[in-house]
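Engineer: Spelled out, the chains give:
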Amino acid sequence: GQNIDQPTEMTATEGAIVQINCTYQTSGFNGLFWYQQHAGEAPTFLSYNVLDGLEEKGRFSSFLSRSKGYSYLLLKELQMKDSASYLCAVIGGGGYNKLIFGAGTRLAVHP
Amino acid sequence: GAGVSQSPSNKVTEKGKDVELRCDPISGHTALYWYRQSLGQGLEFLIYFQGNSAPDKSGLPSDRFSAERTGGSVSTLTIQRTQQEDSAVYLCASSLEEVRGSYEQYFGPGTRLTVT
Chain V
1 GQNIDQPTEM TATEGAIVQI NCTYQTSGFN GLFWYQQHAG EAPTFLSYNV
51 LDGLEEKGRF SSFLSRSKGY SYLLLKELQM KDSASYLCAV IGGGGYNKLI
101 FGAGTRLAVH P
Chain S
1 GAGVSQSPSN KVTEKGKDVE LRCDPISGHT ALYWYRQSLG QGLEFLIYFQ
51 GNSAPDKSGL PSDRFSAERT GGSVSTLTIQ RTQQEDSAVY LCASSLEEVR
101 GSYEQYFGPG TRLTVT
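Chains as they are written, first to last, in the numbering used here: chain V, 1 to 111; chain S, 1 to 116.
Rather than coming from a laboratory, the hints here were simulated on the basis of the structure.
Glycine included, every Cβ here is placed at the ideal spot set by N, Cα and C.
It is possible that part of the hints are untrue.
Stated by the list, open to error - Sample of chain V residues lacking proximity to chain S, with all beta carbon distances greater than 10 Å (derived): (1) Ala12; (2) Leu78; (3) Ser83.
Claimed, not checked - Where chain V lies over chain S, by a calculated footprint (3+ residues, C-beta under 8 Å): (4) 61 to 71; (5) 105 to 114.
Kindly generate the complete structure, drawing on both the sequences and the hints.
Structural biologist: Below you can see the structure in the form of structure tokens.
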């Protein structure tokens with residue numbers, strides 16, 4: 001079966017660092033995406049990992065370990081506008097076309 | 001440039017009625033996807049188009065759901081005899097099949113469907 005797990009909710013303080021974890025079990029793997037979704041809006045692309053290691057992009061970094069079926073999204077210097085849902089998604093199942101999404105992690109950033 | 005657009009943004013319909021949801025992908029994007037997001041749930045894959053053909057319809061939840069794409073561009077998702085459990089946000093996404101070695105999908109704003 002296909003399964004993607006991430007925490008339901010997290011809270012953090014403005015200016016701090018937060019790590020959102022994602023574990024996956026899929027019948028194939030062709031890459032992992034992180035998307036950000038503000039309430040009532042469309043998901044927007046944050047990162048893509050297909051090889052093991054860390055990808056850094058400004059305040060956001062994403063890490064992948066294929067052998068462990070594990071990824072995390074690291075957000076540094078948190079801002080209030082980072083309050084959103086963060087969606088982990090895997091291209092799996094042997095196809096290059098279908099994203100399998102986790103339920104998302106709602107992050108609340110407090111002053 | 002223009003992003004993915006969807007219409008209507010909101011649709012309220014009575015149980016048993018048919019609805020049509022429209023998606024205009026980014027110009028030049030060959031791949032188009034439909035997803036459904038129910039309240040508090042993750043995005044659920046419905047169907048994938050490559051050009052006008054749909055090689056993967058595995059996510060359509062029942063035969064009341066159908067979709068088509070014409071001219072390799074606009075797509076319509078049709079739900080017949082709507083049920084209350086069809087209430088959700090329907091999201092469309094498009095992609096160049098390969099962008100910088102990734103498969104980034106660009107999402108539209110969604111159509112919020114409410115079946116009363």
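Engineer: Against each hint, give a clear statement of whether it holds in the structure.
Structural biologist: Against the structure, the hints come out as follows:
{"no.": "1", "hint": "Ala12", "in the structure": "holds, 21 Å"}
{"no.": "2", "hint": "Leu78", "in the structure": "holds, 23 Å"}
{"no.": "3", "hint": "Ser83", "in the structure": "holds, 17 Å"}
{"no.": "4", "hint": "61 to 71", "in the structure": "violated (count 0)"}
{"no.": "5", "hint": "105 to 114", "in the structure": "holds (count 6)"}
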